[in-house]
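Protein chains: 2
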Amino acid sequence: MKPSLTITSESHAYPVYIHQGLRHSTYELIEQSLMKPASAYMIIADETVADLYLRDVLASFPDNRKPSVALVPSGEASKSLDKYEELLTKTLEARLDRQSVIIALGGGVTGDLAGFVAASYMRGIRFVQLPSTLLAHDSSVGGKTGINHPLGKNLIGAFHPPSAVVYDSEMLMTMPEKEWRSGFAEVVKHGFIADPPFLQWLQENVPSFSSCSLDTINELLKRSIAVKAKIVQEDEREQGVRAYLNFGHTLAHSIEAESGYGTITHGEAVAIGMVFALKLSEQVYDIDLQYADTIRYMESLGYHLSIPNQCDSHELLNRMKIDKKTHNQKVHYVLLKELGRPELVPVDDHVILQLLTGGVGNK
Amino acid sequence: MKPSLTITSESHAYPVYIHQGLRHSTYELIEQSLMKPASAYMIIADETVADLYLRDVLASFPDNRKPSVALVPSGEASKSLDKYEELLTKTLEARLDRQSVIIALGGGVTGDLAGFVAASYMRGIRFVQLPSTLLAHDSSVGGKTGINHPLGKNLIGAFHPPSAVVYDSEMLMTMPEKEWRSGFAEVVKHGFIADPPFLQWLQENVPSFSSCSLDTINELLKRSIAVKAKIVQEDEREQGVRAYLNFGHTLAHSIEAESGYGTITHGEAVAIGMVFALKLSEQVYDIDLQYADTIRYMESLGYHLSIPNQCDSHELLNRMKIDKKTHNQKVHYVLLKELGRPELVPVDDHVILQLLTGGVGNK
Ligand SMILES: NC(=O)c1ccc[n+]([C@@H]2O[C@H](COP(=O)([O-])OP(=O)(O)OC[C@H]3O[C@@H](n4cnc5c(N)ncnc54)[C@H](O)[C@@H]3O)[C@@H](O)[C@H]2O)c1
Ligand SMILES: NC(=O)c1ccc[n+]([C@@H]2O[C@H](COP(=O)([O-])OP(=O)(O)OC[C@H]3O[C@@H](n4cnc5c(N)ncnc54)[C@H](O)[C@@H]3O)[C@@H](O)[C@H]2O)c1
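First to last, the protein sequences are chains A and B.
Note that full-length UniProt numbering numbers the first sequence so that position 127 is 127, with each residue one more than the last.
Note that full-length UniProt numbering numbers the second sequence so that position 265 is 265, with each residue one more than the last.
Honestly, the hints are just simulated from the structure, not real lab data.
Treat the hints loosely; a few may be bogus.
Here are the simulated SDA-like pairs of lysine to any residue, each with C-alpha atoms no more than 20 Å apart in a straight line [unchecked claim]:
1) LYS222/B to ALA94/B
2) LYS337/B to PHE198/B
3) LYS153/A to VAL345/B
4) LYS83/B to LYS321/A
5) LYS153/B to ASP235/A
6) LYS321/B to ARG98/A
7) LYS153/B to LEU92/A
8) LYS2/A to ARG55/A
9) LYS222/A to CYS212/A
10) LYS279/B to LYS222/B
11) LYS36/B to ASP235/A
12) LYS321/A to ASP97/B
13) LYS83/A to ASP286/B
14) LYS90/B to PRO150/A
15) LYS153/A to GLU85/B
16) LYS83/B to LEU81/A
Ranges between beta-carbon positions, derived for each pair [what the hints assert, rightly or not]:
17) SER259/A to ASP63/B: 55 to 63 Å
18) ALA13/B to LEU344/A: 26 to 34 Å
19) ARG65/B to ARG95/A: 17 to 25 Å
20) LYS153/B to GLU204/A: 54 to 62 Å
21) LYS153/A to GLU10/B: 45 to 53 Å
22) GLN32/B to GLU10/A: 45 to 53 Å
In this text, all values refer to a predicted model and were calculated from it rather than measured experimentally.
We put the beta carbon where it would ideally sit given N, CA and C, even for glycine.
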C-alpha cells in the first residue's frame, strides 16, 4: 500500500497511511515503513481502545514477532509522571533495546505518553502511531510528545516524530459523539488557517458525524493532516509559522483552565476560541471575514459557541497572559487577515477585554 | 575570550571555554555564546560544588539577571526520577519559559540530570555546562543526558547538546584524588583510541595528580575533549564510530555491576577494562601493542589494574552479554588494531572467558 501522505521531519521522513481496516495490516505496514528492522515491538494501548481493537492489531503480527503489551487507563490523567515511570519499567522488563519499536494504540493521550516514553527510553527509540480518535489526526503528526505536570499541561516532553502513522478510519466508528466534536474543531481550524475551500467541502460532505461515509472520513483526515504537515515541515520546533496552529487556542486554554479541565472538551473550547479570534481579526484589521455560514454549520453539529457563563472576562485575560506562548507584556494572538491567511499579532489588553465582555458567538 | 574548541552537533555548534577562573566570567561567557538572548537563568548545582563555587558564579551575573538556584545532593543517587520530577517543579516555580537557560554546575551527575531536565522542560530548552570534575570533560560534551532507572544506569534520557561549556580548571583543584583517578581513565582512553602521542605527553606532564600546573590541566582538557568532539561530530547518535568511546567499558560495566556500584569508581573499572581490551586486541589480531609503559604509568598513579577477586569470570561474561550494546549473540568488543586505531569486533565467548580466567594486568 502506498502512503496517503509522507511527512518530512528534521531527522527523517515518515509515511501516513489512512484507510479503513488498516489495523489488520499493522505489522506489514510498519515493517515496510522502517528503515532498519525492529528487534522487538511493544504496544502501549488505551484500555478502552484495547478492548475494541487490540486483538485485531496483534493478529496482524506473525507468531514469532508478537509485541509485548502495556495498557493505560483511558483519560487525560494517564499523561502523568507516574504512568510514564511505570511504562518505562514495563519497557525495560519487556527487554526492548535501541532497535526496538513502541506502538501507540489510542487517542492523543496514548500517543503523547507513549511518544515521550519512546523519546526518552535509552535516549530515544522509534515509535509508530495507530490513532483511534479524530483529534489524534492532529496529535499523531508533528512530533510533539509529552505529559502533564501538576502545574500545567504538556510541560514535560520532547520533539520525537513517529516512524509511521497507521490510521484505521474504521476505528473512529466507535468513538463517542463528544470526541467527534472535540477532534472536528481542529479540522475546522485547519480549514480556517490554510484551506478555506475545505470549510465548504466539510459543509457539503459532513452534514453530521454519524452520517458520513468512510471514504469521506479518509478524505477529511488526509486533507486536514496535509495542512498540519505543511506547517510543521516548515517549522518543526515552533519558532515561527507553527504558532498558526494555535488559532483559537489562546482563549481555549483559558476557558479550559477557568471552567476546570474536563468540564468542556478541548475541541469545544477551541471552537469558541476560533469564533473569538475571527471577531478579533475583523476588529483589528477592520474587515469582514464572512464566516457566518461556518458558524451556523458548527452550531448544527452541536457546538456551543459562546463563552461559558461562569468564565470571568478579567480572569480569562489573566490566564492568556500567563500562557506559555506569551513572550512579553501583550498577548500574541493568531488572527486572520483573510480566511487562510494567519498572522501572529500582539493585541492590546483593552481590545481583548472589550470583546470578551461584549459577548462572543452572537454575530 | 575565544573558545578553546567549538563542537558541531546535529542542531547547532557550541563553544567550549577552558581556563582557570572562568567561573568569575560565567555570565559574560554564556551571554556571548547564546544565539538568542536568555529570558531567565536557573542554576542546578551539586551541593558540595555549590558550597565551594556557587557564590563566585552568581557574582558574575548582574543584579537584574540573577539566576534561580536549585541544589542537588552530591552522588549518583541524584540521577533519579524523583530528583528529576523535583527539579521540573522547581523549574516551573522559577517561571522559566522556552527562552530560558538552565546552567549545570557540578560533575557528570549534575550535568546528566540538569541536561535531561533541560531536554524535556517544555519539550527542550537550552542549557550550559559548568563542569567541576575531570570526568565531566567527557560527560559535558557530546549531548548525552539522562538519569538512572532502578533496573539500570542511564536508561532514561535524551540527546540534547549544551549551548556552551564553561570549564574553570581551577575548580578541579578541590576535587578528591579518587575523582581525579576516575576522570583520568577517560583521558587515557582518548589517547589509546585516537591520539597515542598524547599518552606520551601525559607521562611527561602529569607525573602525579597533585603536582601538575593549571596550564597542564588546561592543555590536557583541551586535547582530551578534542578527541571526544571529533568522534561525536562524526556520529552523534551512536550508529557507528561513537562506539569506540566504549573502549574499556564493556568489561568495566560488568565489573561495576558485579562488585556493586560505588565499590569501585567508574574510571578505575575503565582502567581495568582497557588493559583487558588491549590484551584481547593482541590476541585477536596477533600483534604486540607495546603498552607496558602506559600500564606502569597508570599503576604509579594508583590504579589497580587486575580484575577484583570477587568477580567471577562467567558472571562477568554474562553481564557483558546482557549489556545494552550487545546486538546479537556474540559480544561486540572495541579492540585496537594498533594504538589509535579502534575497531568494533564480535568476539567469541570462549576467547573472552579464557582471557578472563587467565588473569589481567600482569603483563
Ligand atoms: N502532540 C500533539 O501535537 C497534540 C495535539 C493536540 C492534542 N494533543 C493531546 O491529545 C490529547 C487528547 O487526545 P484525544 O482527544 O484523542 O483524547 P483521548 O486519547 O483521551 O481519547 C478520548 C477518549 O476516547 C476514547 N477512545 C479513543 N479512541 C476510541 C475509539 N476508537 N472508540 C471508542 N473510544 C475511543 C478514549 O478511551 C478516551 O476516553 C490531549 O492530552 C492533548 O494534550 C496533542
Ligand atoms: N553524558 C555523558 O556522556 C557521560 C559520560 C561519562 C559519564 N557520565 C556520567 O557522569 C557521572 C559521573 O560523573 P562524575 O565522576 O563527575 O561524578 P559526580 O558528578 O558525582 O562528582 C563526583 C564527586 O565529586 C564531587 N565534586 C565535584 N566537583 C568537585 C569539586 N570541584 N571539588 C570538590 N568536589 C567535587 C561531587 O560532589 C561528587 O561527590 C555518572 O553518572 C556517569 O554516568 C556521563
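Hint check results:
Taking the CA atoms of LYS222/B and ALA94/B, the gap is near 34 Å; set against the 20 Å cutoff, the hint is violated. With a C-alpha separation of about 18 Å, the suggested pair LYS337/B and PHE198/B falls inside the 20 Å cut-off, and the hint holds. Between LYS153/A and VAL345/B, the direct Cα distance comes to roughly 47 Å. Violation of the 20 Å bound is thereby established for this hinted pair. A C-alpha spacing of about 30 Å is found between LYS83/B and LYS321/A, which places the hinted pair above 20 Å, so the restraint is violated.
Taking the CA atoms of LYS153/B and ASP235/A, the gap is near 35 Å; set against the 20 Å cutoff, the hint is violated. Proximity of LYS321/B to ARG98/A is assessed by CA-CA distance (about 15 Å); at most 20 Å being required, the pair is judged to hold. Between LYS153/B and LEU92/A the alpha-carbon distance is near 12 Å, which keeps this suggested pair within the 20 Å criterion. A distance of roughly 25 Å separates the Cα atoms of LYS2/A and ARG55/A; the hinted pair therefore is violated under the 20 Å criterion.
Proposed proximity of LYS222/A and CYS212/A is supported: the alpha carbons are some 15 Å apart, at most 20 Å. Only pairs whose Cα atoms come within 20 Å are accepted, and LYS279/B paired with LYS222/B is rejected, the gap being roughly 29 Å. A hinted pair counts as satisfied when its Cα atoms are at most 20 Å apart, and LYS36/B with ASP235/A qualifies at roughly 17 Å. Distance hint between LYS321/A and ASP97/B is fulfilled; the C-alpha atoms sit about 13 Å from each other, no more than 20 Å.
Using a Cα cut-off of 20 Å, the hinted pair LYS83/A and ASP286/B is violated, with the two alpha carbons roughly 52 Å apart. For the hint linking LYS90/B to PRO150/A, the alpha-carbon distance of about 12 Å falls within 20 Å, and the restraint holds. Of the pairs offered as hints, the one joining LYS153/A and GLU85/B holds, with about 15 Å between alpha carbons and a cut-off of 20 Å not exceeded. Simply put, LYS83/B and LEU81/A have alpha-carbon atoms about 12 Å apart, close enough for the 20 Å limit, and the pair holds.
Under the hint 55 to 63 Å, the C-beta atoms of SER259/A and ASP63/B, about 41 Å apart, miss the expected range. Take ALA13/B and LEU344/A: their Cβ atoms lie about 29 Å apart, and the range 26 to 34 Å holds. The hinted range of 17 to 25 Å is not satisfied by ARG65/B and ARG95/A, whose Cβ atoms lie roughly 48 Å apart. Judged by the Cβ atoms, the range 54 to 62 Å given for LYS153/B and GLU204/A holds: they are separated by roughly 58 Å.
In this structure the supplied range 45 to 53 Å is violated for LYS153/A paired with GLU10/B, their Cβ-Cβ distance being about 29 Å. Hint check: GLN32/B to GLU10/A, Cβ distance near 27 Å, so the stated range 45 to 53 Å is violated.
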